[in-house]
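*Asks:* So you can see what is in the structure, the chains are spelled out below.
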Amino acid sequence: MYVARSAFALVAVLVLATGGARAQEVDPQWIGLALRAERQGQLPLALDYYRRILSLEPGDATALQGVERAFVRLGMRDSVALYAARAIEAAPRNPIPREIAFRSAASQGRDSVEVVVRGWTAAFPGSARPYQLWSFWLAQHGFTNDARQVLIEGQSWVGEVALAPDLARFLMGTGEWVEAAVQWRIVVEDNGGLVATGATGLGQAPVSAHDQIVERLLEGGPSQPTQWLAADLLARWGRPAEAWAVLDAALPDDRAVAVALLLRFADQATRMVGPGGWRARGYALERLAGLSSGDAAEQARLGAARAFTEAGDLAAARRQLDHLAGTLQSPNEDAAAAMAGFIRLLSDAGRVDEAEERFDEWLPRLGPGDAADLREHLAWARVMQGELDRAEALLGDASSVRADAVAGWVALYRGELGQARQRLRAAGPYADSRQEATERAAMLVLLERIEAERLPELGRGLLEALRGDTAKALLELERAAARLPPEGGRSEVLMLASDLAAGIADHQRAEALLLGALAADSSGPAAPAAELRLARVYAVTGRRTDAAQRLERLILAHPESAVVPQARRLLDQVRGAIPQS
Amino acid sequence: MRRREFLQALGATALLPGPLRALAARSGDSPRQAGPALLIPMDDRQTNHLKAYGITFRSLRRGGRAEWLLNYRGGSYLLEADAASRREAALQGVLVEEVSAADVVGIRGTVAASNMDAIPLEKAPKVAVYAPPSAAPWDDAVTMALEYAGIEYDKIWDPEVLRGHLSRYEWLHLHHEDFTGQYSKFFLTYSGSPWLSDMVRLHAETARALGLANVAELKKAVANTIRRYVQDGGFLFAMCTATETLELALAAEGVDIAARFSDGTPMDPLAAEKMQWERSFAFQGASLELSPAVASFSDIDGHQVNNPALRQPLGAFQLFDFSAKIDPVATMLVQCHRDVIPDFYGLTTSFNRNRLKPGVTVLADEPGARWVKYIHGEYGSGTWTYLGGHDPEDAQHQIGDPPTDLSLHPSSPGYRLILNNVLFPAAKKRELKT
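Residue numbers (the numbering used here), protein chains in the order written: chain A, 19 to 599; chain B, 433 to 866.
Since the hints were made in silico from the structure, they are not lab data. Please note that the accuracy of each hint is not assured.
[As the list claims (entries may be wrong)] Label-pair restraints from in silico Cβ distances:
(1) B:P774 / A:G368: 54 to 62 Å
(2) B:T479 / A:Q567: 19 to 27 Å
(3) B:Q828 / A:T162: 38 to 46 Å
(4) B:Q828 / A:A489: 45 to 53 Å
(5) B:T479 / A:A460: 42 to 50 Å
(6) A:Q567 / B:Q830: 36 to 44 Å
(7) A:I522 / B:A568: 48 to 56 Å
(8) B:P774 / A:Q567: 36 to 44 Å
(9) B:S625 / A:L462: 49 to 57 Å
[What the hints assert, rightly or not] Under 10 Å between C-beta atoms, here's a sample of chain B residues computed to sit facing chain A:
(10) N480
(11) A567
(12) P569
(13) M576
(14) G582
(15) L840
Predicted model, so just to flag it, every value in this text is computed and none were measured. By construction, the Cβ of each residue, glycine as well, lies at the ideal position given by its N, Cα and C atoms.
In isolation and in its complexed conformation, chain B is listed as follows:
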């Protein structure tokens, strides 16, 4: 099923009048709960929002069925009432409420009558995180969230991607990889650091082992493989500098956009004119940063954290309110108990509106600012979602800072956005089967 059909299927079910939906539930065509169930509220009463995603994920993993009650009490989950979920919730401090069949009917009535919807979740997606083998989980907000919530994932890197392993996964996450092959331009400030030397050596050896001329070429090859993965139906979620540099790498087919320190030749001074933006997912018409001495890649990023002349202060971003029944995908991605979230820097913090392609769905922006924070779109049979910034609970993270301890932020709204993305493919999978 293509995405359009998926949306139609979701919408058709959602738009059924309440009684008919209940009937549909009884007829066995829908996974909706008919008996006592566990409700995981995701509003302010919830004691550990992040681990709630893990409870739901593992319930699906065990073969259980669940529903995502969009906009109902902060985007709650309705699970089959099994002992394992109860036990896990108790152990992890997640608030669950036992609800009777009558309660469920009441909830459905509320959902039917409001800007809400109940999305069936059937299968836990297989999750891959793109990261070098040496990366610790604490380097990446997504792996931190996955570890904390107890959601299983595999780490894959360039060799696995280029050998076609992406097809094994429904969900792929990219974080702070620099797909332009310039090591995030860390040469400017971290030259001589052992970790940077290790990174350079690892990348160069990998490129050589895979028969590619240099790291910039390696990363372009990986970016193109990721593009095909999305085109074929994969779900891509990227944060921080992976968003911007993936787009640049995709658009720079046959164009040298890497500085001399990376590939031995200077960047093509006419690179910006030669970019093929039709190959990218989200952005177009960006101006490239030509100086290897400026730790910035292009004017896609609105905040330019490492470019003192252009750096913008942090504000707060606001999640958009979508129609759950008409646009369930976007609604899923913005489920949160907070509408306004403090912003956080990353090598790429935000996305300038004037660089977005038409048709990109803006999920969150900073009101009045020229940039947006959180975007989503379709590409081929798959989707991509970008969230700017590095760590929602460490607004100005620096290399060498202590890792974020999510047990101190169990209800982090920013981390919820990340975890929404993990469960989002579970919804689609179910519809793919119908």
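So that you can see chain A by itself, here it is in the shape it has in the complex:
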């Protein structure tokens, strides 16, 4: 019985084997079952199905990829080689088995890989892929020169463009930036859409290579995309003027492309530091305005006006605003802000008349905050020109604390000390910046020491100091001091003058003024500060012993003075007890 059953089984197997081989075809369900088994982690089962398919159709790429995945996960990558070889034989025009064969050979060493690559390139003479993979493998394994050579050789077979991105990346990796730029030029001339990719890569080049890269990109009649690449790089490297010049010359006729390029450049320019970046942004937006219409054009023009204002380019900013004045549909905040910036720029440039005209013209469209700011700004500009009447006229009857502050200073420059005291006090400690508030407080302290209601010499002295004429300021302040009683502000005014003298390194005069201040009032509240200033003058001029004596006298005679900590620190410095700061 046993024998008979075994014999039957053998016969059955033979029948199935021979009959099956003849009749069996790939069951369409096998691939689905294989993928499901693979997903569920049943790799042997998946492998079984994949191999069944490949035994019937050795060139089936899907099954071959499945076999590769399963073997890799099982740590048996080498086993893929056999199936890949059969697949290549069965489907010599299919590139997938070639790639799988390459990956399988990659773990076996250089000779194995080279065999696969040679076969691949022979079968697919126009394919860049074997050169890419082969070069990458060589580079990864330290064969840098061979890797480069493979790409160069590949270019001679499949054309420069196909392997230029790979060669460019390779060259960037080896620090051959100029050569990489040549390859990127090939790339973008073929495909302008890769300009940003090239710029991102080449943007990392060291400064020493920048000039050569740009030179290579722009030599010999470059295409527009190559010029865009050069402009992008120059912008990234903080060379806005050159970047704009290159881009400006290479803007395409295609409006949509040009707009995209200009927007991108304007955005890049905001990241550049300094007026050059702002100016380049202004130019880009100005061009954009010319290519746009309606609101878009208006916004671009306003952006350009602001950019030129930030750049300090008065003429260009005016050009935008004049253009806008004629076309602006309705007052808007952006336009007002742009004009406010422009008015400030005009006044800072000394063109106060024009600034004031613009201010009057735009006043109805400015917000109250902007209007007040500009009024004070213009008033200070008039003060700087010595036109105190016009400054006062600008302030008019403004009653804000900031207007009080400006009015207080104007009164002071007129020598109207009583009025100045009143307005500066009214301005209080909060108007303007902390520094301005401190300056105001210091001036109030000085004014409180002076009993006189009018002292034109003091006003003139302070105004000349403000306007930068220190020599005149010193003369006026000395005259003012001479008119004051010794304990009624003379010391303080002389100290003020000494600060001016020290500021222009006229230490001799500063010393004389401070000695005069101390002679006028050696025990008043200003004396410790005068002693400290005198010690500083001595220290700066190398008279350390004199400085130390002054400081010791100050500390011992005025131990409660607020300047004693500064005096102690200076004493430590002149004695070398602490490092010079």
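Take the given structure of chain A and dock chain B to it, following the hints.
*Replies:* Frame of chain A, contents of chain B only:
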């Protein structure tokens, strides 16, 4: 007088009952103040702790007498009430209090009844700082403290040490010298820097001029001279990498512990086994760092600042509270208005406990950590004190950083520890005379 006798003398006076001590003061056997005096409080009321040391030092220098009131208001000083001290205090912003004879009696009563003591200070010690001639004072926390406090010192270096000049000084300070002769292993990160080239040239020329084979041999010779100085009664205070490398140099008699870049031969791979730790002051059994590429010398340092694999973060260290009457020396060294002080790195930041010799007095440690910060011990007739780290007010000082401006840290607790060491020999000198 040997150190043991010194301690006995201090203890005997301290343990006298209050009335007897007052009597002793009147009898003229003690320098204690009998009339109006100046009290320099060193607690939180003090406005400039660091300059207070200078006031006391210069008072001693002028021949005045002073007392160090250990644990009294942060370790205050009682000086003779002279015009010069008053003037200096006013100029330097140091708080002084005029105290009457009755006040002094009250203070003594407090001192007698508490964990306090009054240590007489008689003579300002002569201070030497070991540093190359080109070193600026701002490279070294001790010279910064001395300059700021106005305490006079001399700079000495290898030629002076080897010519026997150390005997002229009571107090010697070492800071970041590398006594293994390897230039602090700065070759690793500062190779090519002009200052390093200058340093190498200066050291090599000095070794040659003194007839020594190389810099490693030069530094060993200097280390051994310093050991003899301490043995003969000198006071040694070291910080930073000088602590660790001095010990290594002392223990490495006849052993090559310098890398090839220093002496032309590689370090002896069996160096650790050949070290003679009985020759060192504080440490024993250390493993040496054999790699010239690791900027560390041994496992003495707990923090290993330049060894990324072993580097430890900074915590805070705590000063120990000693019995002033029984252990006045240790008490003097930890006088401070703060018990807990933020830690600070140096090439050597701290000292692993398991490398300390038995008998080393730990003055401060980081609670729970395996390292200590501040240690002290005796050697022969002298003493040594080590404080790990480079600059108490610049916790992560790097070469090229701006120098610390102590006028911005006039009450620095870490710098107080340094200055305690400067005045500590003044106390001993007085006892040596009795």
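*Asks:* Please list, smallest to largest, the hint numbers that this structure does not respect.
*Replies:* Of the numbered hints, 5, 7 and 11 do not hold.
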